[in-house]
Amino acid sequence: MTGAAVSFEGITCTFAARGGGSYTAVRDVSLSVDEGEFVSVVGPTGCGKSTLLNVAAGLLRPSEGTLRVFGEPLAGINRRAGYMFQTDALLPWRNALENVTAGLEFRGVPGGESTRRAQEWLARVGLEGFEDRYPHQLSGGMRKRVALAQMLILDPQILLMDEPFSALDIQTRQLMENELLELWSANRKSVIFITHDLEEAISLSDRVVVLSAGPATRPIGEFTIDLARPRDVAETRLQPRFLELHDRIWHSMKEEVLKGYAQTRNRMVAA
Amino acid sequence: MKRLWIWQVLLLVAIFAFWQLATDPELIPPFVWAENASRAAFFFGEPRKIFAVIWEWFTGGTIYKHLWVTLQETALAFVIGATLGLAVGLWLGLSPMASALFDPYITALNAMPRVVLAPIFMVWFGLGIWSKVALGVTLVFFIVFFNVYQGVKEVSPVVLNNAVMLGANRKQLLRHVYLPSATSWLFSSLHTSVGMAFVGAVVGEYLGSASGVGYLIQQAEGAFDINTVFAGILVLTVFALVVDFVVGRVERRLLVWRPGRSETIEL
Numbered sequence: 003m004t005g006a007a008v009s010f011e012g013i014t015c016t017f018a019a020r021g022g023g024s025y026t027a028v029r030d031v032s033l034s035v036d037e038g039e040f041v042s043v044v045g046p047t048g049c050g051k052s053t054l055l056n057v058a059a060g061l062l063r064p065s066e067g068t069l070r071v072f073g074e075p076l077a078g079i080n081r082r083a084g085y086m087f088q089t090d091a092l093l094p095w096r097n098a099l100e101n102v103t104a105g106l107e108f109r110g111v112p113g114g115e116s117t118r119r120a121q122e123w124l125a126r127v128g129l130e131g132f133e134d135r136y137p138h139q140l141s142g143g144m145r146k147r148v149a150l151a152q153m154l155i156l157d158p159q160i161l162l163m164d165e166p167f168s169a170l171d172i173q174t175r176q177l178m179e180n181e182l183l184e185l186w187s188a189n190r191k192s193v194i195f196i197t198h199d200l201e202e203a204i205s206l207s208d209r210v211v212v213l214s215a216g217p218a219t220r221p222i223g224e225f226t227i228d229l230a231r232p233r234d235v236a237e238t239r240l241q242p243r244f245l246e247l248h249d250r251i252w253h254s255m256k257e258e259v260l261k262g263y264a265q266t267r268n269r270m271v272a273a
Numbered sequence: 049m050k051r052l053w054i055w056q057v058l059l060l061v062a063i064f065a066f067w068q069l070a071t072d073p074e075l076i077p078p079f080v081w082a083e084n085a086s087r088a089a090f091f092f093g094e095p096r097k098i099f100a101v102i103w104e105w106f107t108g109g110t111i112y113k114h115l116w117v118t119l120q121e122t123a124l125a126f127v128i129g130a131t132l133g134l135a136v137g138l139w140l141g142l143s144p145m146a147s148a149l150f151d152p153y154i155t156a157l158n159a160m161p162r163v164v165l166a167p168i169f170m171v172w173f174g175l176g177i178w179s180k181v182a183l184g185v186t187l188v189f190f191i192v193f194f195n196v197y198q199g200v201k202e203v204s205p206v207v208l209n210n211a212v213m214l215g216a217n218r219k220q221l222l223r224h225v226y227l228p229s230a231t232s233w234l235f236s237s238l239h240t241s242v243g244m245a246f247v248g249a250v251v252g253e254y255l256g257s258a259s260g261v262g263y264l265i266q267q268a269e270g271a272f273d274i275n276t277v278f279a280g281i282l283v284l285t286v287f288a289l290v291v292d293f294v295v296g297r298v299e300r301r302l303l304v305w306r307p308g309r310s311e312t313i314e315l
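Chains as they are written, first to last, in this note's numbering: chain R, 3 to 273; chain G, 49 to 315.
Note that these hints are calculated values from the structure, not bench results. Where hints are given, some of them may not hold.
Pairs of lysine to any residue residues, derived as SDA-like cross-links and limited to a Cα-Cα distance of at most 25 Å, are as follows [to be verified]:
1. G:Lys201 x R:Pro158
2. G:Lys219 x R:Gln265
3. G:Lys219 x R:Ser168
4. G:Lys201 x R:Thr47
5. G:Lys219 x R:Pro112
Here are some chain R residues pointing at chain G (derived, C-beta under 10 Å) [claimed, not checked]:
6. Phe17
7. Asn56
8. Gly73
9. Ala77
10. Trp95
11. Gln139
12. Ser141
13. Gly142
14. Met144
15. Leu229
16. Ala230
17. Arg233
For each residue, glycine too, the CB sits at the ideal point set by N, CA and C.
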């Protein structure tokens, strides 16, 4: 481990609110992710988790603070990061193969080579024979696999994942989680994994960061997950140590979750 | 409803039979214009004679020249109008400055009834096909323009961000994200815009020309030859149906990536 792959230093993001005024989504967040470390960020819904990820990706400039990537302040898009989005982000007019080759194509890799590498990657995520399917012809889980291959073929050093599996059913989800862990342990990248599912966070990560309810979200707790690897996400959940960790983290989160819930409800009543 | 087409044909035959019955001076006694049995035929034509005219056109070969002219005008108006609409739509969609500047002009030009431009185009481009093409272009342009503009504005921000994260630069975003999205909107307006190109061609011919199906109709009307007018209308209608069918085929080929059609087959 040679220092931080990504570090947030006093990041604050304030947005102009509709109808005047402003809204601070995250306030004074400092957080760092080591090289090769798998960090999950959990927090109540609507707490600005995605905002943090967009800052790390360089898609969003923070109002205050610095984001460093391997020690360098980030300017523009983070070229060392791959991003897996919560909703479908595949290019709908390209088939599975063309979606996976997209990144290589943008980088000017010759067609023959990128096709060969994309076929390899599609096979690795279990989609051999589905090369010519368009995204709408694939199931939700298959689309996620294509998105995973699309990101990993570029061999990014940092993986930013925004609730990537939240739309999947529980079985598909555990399958995908195991596959992610397998791919990750073969070639350890730094991962920032956003989720609202505490069990998912614990079973995947080296470290879990808990965020407070929004607005002005900030980290309120950090927990090292000392479960042995390699893990099977379904089996890990049965271990006593898992339950113990789950209990501790849940206690620190509970209040914030209730706060977040109350706010959402109030907002809905007000609207 | 597997036999739907049989009923559709029967309905068509019934309509023409009723038409013939109601207008023929000899089949049934006149009931509206009792004093003049052939007056109904004068106003509404007689299907028998209409089909005779059409038969004469196709066997005599006089119609092909006119159909070819109308087809050329329609195709040219569509291609030129769609290309301009696509280019301007992409440009204004991607440049907020330009779109803010031109917004009132676009609205005004779109609201203006473009048919009144036909005489001006005739002065500019003469009585040949180009004045009709110009009229069709003004009609097609706005449909395509608005669709493409919308297509650019409604590119999913997630897809866009994904392409950015995959390393696309500005030019690649245009080529691989905006353009496919915009063309999909272009194709979804294909039926309307091809139809408009056709309207432009026929209206242009009707207002002043020396060939084309619109010209035939206009000539016949000048001679109070109602049967030939209806014959022209029928030929135009069938022609429009054929063009629409071809467009539908093209659309299906080009938009395979679009969701919406179920993929099951009957076993």
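Hint by hint, here is what the structure shows:
Taking the CA atoms of Lys201 (chain G) and Pro158 (chain R), the gap is near 30 Å; set against the 25 Å cutoff, the hint is violated. The straight-line distance between the Cα atoms of Lys219 (chain G) and Gln265 (chain R) is roughly 43 Å, outside the 25 Å bound, and the hint therefore fails. With a C-alpha separation of about 33 Å, the suggested pair Lys219 (chain G) and Ser168 (chain R) falls outside the 25 Å cut-off, and the hint is violated. This hinted pair does not check out: Lys201 (chain G) and Thr47 (chain R) have alpha carbons roughly 28 Å apart, beyond 25 Å.
A hinted pair counts as satisfied when its Cα atoms are at most 25 Å apart, and Lys219 (chain G) with Pro112 (chain R) qualifies at roughly 18 Å. A hinted interface residue such as Phe17 (chain R) counts as satisfied when its beta carbon comes closer than 10 Å to some beta carbon of chain G; here the least separation is about 15 Å, so the hint is violated. With a least beta-carbon distance of about 8 Å to chain G, the hint placing Asn56 (chain R) at the interface is held under the 10 Å criterion. Among the interface hints, the one on Gly73 (chain R) is violated; its C-beta lies about 21 Å from the nearest C-beta in chain G, farther than the 10 Å criterion.
Checking Ala77 (chain R) against chain G by beta carbon gives a least distance of about 15 Å; that is not within 10 Å, so the hint is violated. Hint status for Trp95 (chain R): holds, given a least beta-carbon distance of 4 Å to chain G, under 10 Å. Nearest Cβ of chain G to the Cβ of Gln139 (chain R): about 7 Å, under the 10 Å cut. The hint holds. A hinted interface residue such as Ser141 (chain R) counts as satisfied when its beta carbon comes closer than 10 Å to some beta carbon of chain G; here the least separation is about 13 Å, so the hint is violated.
Contact between Gly142 (chain R) and chain G, as hinted, is not supported at the beta carbon level, the nearest pair being about 13 Å apart and thus beyond 10 Å. For Met144 (chain R), the interface hint is violated, since its Cβ never comes within 10 Å of a Cβ in chain G; the closest pair sits about 14 Å apart. Because the beta carbon of Leu229 (chain R) sits about 30 Å from the nearest beta carbon in chain G, more than 10 Å, this interface hint is broken. At about 33 Å, the closest approach between the beta carbon of Ala230 (chain R) and any beta carbon in chain G exceeds 10 Å, and the interface hint on this residue is violated.
Because the beta carbon of Arg233 (chain R) sits about 28 Å from the nearest beta carbon in chain G, more than 10 Å, this interface hint is broken.
The structure does not agree with the numbered hints 1, 2, 3, 4, 6, 8, 9, 12, 13, 14, 15, 16, 17 stated previously, though it agrees with the rest.
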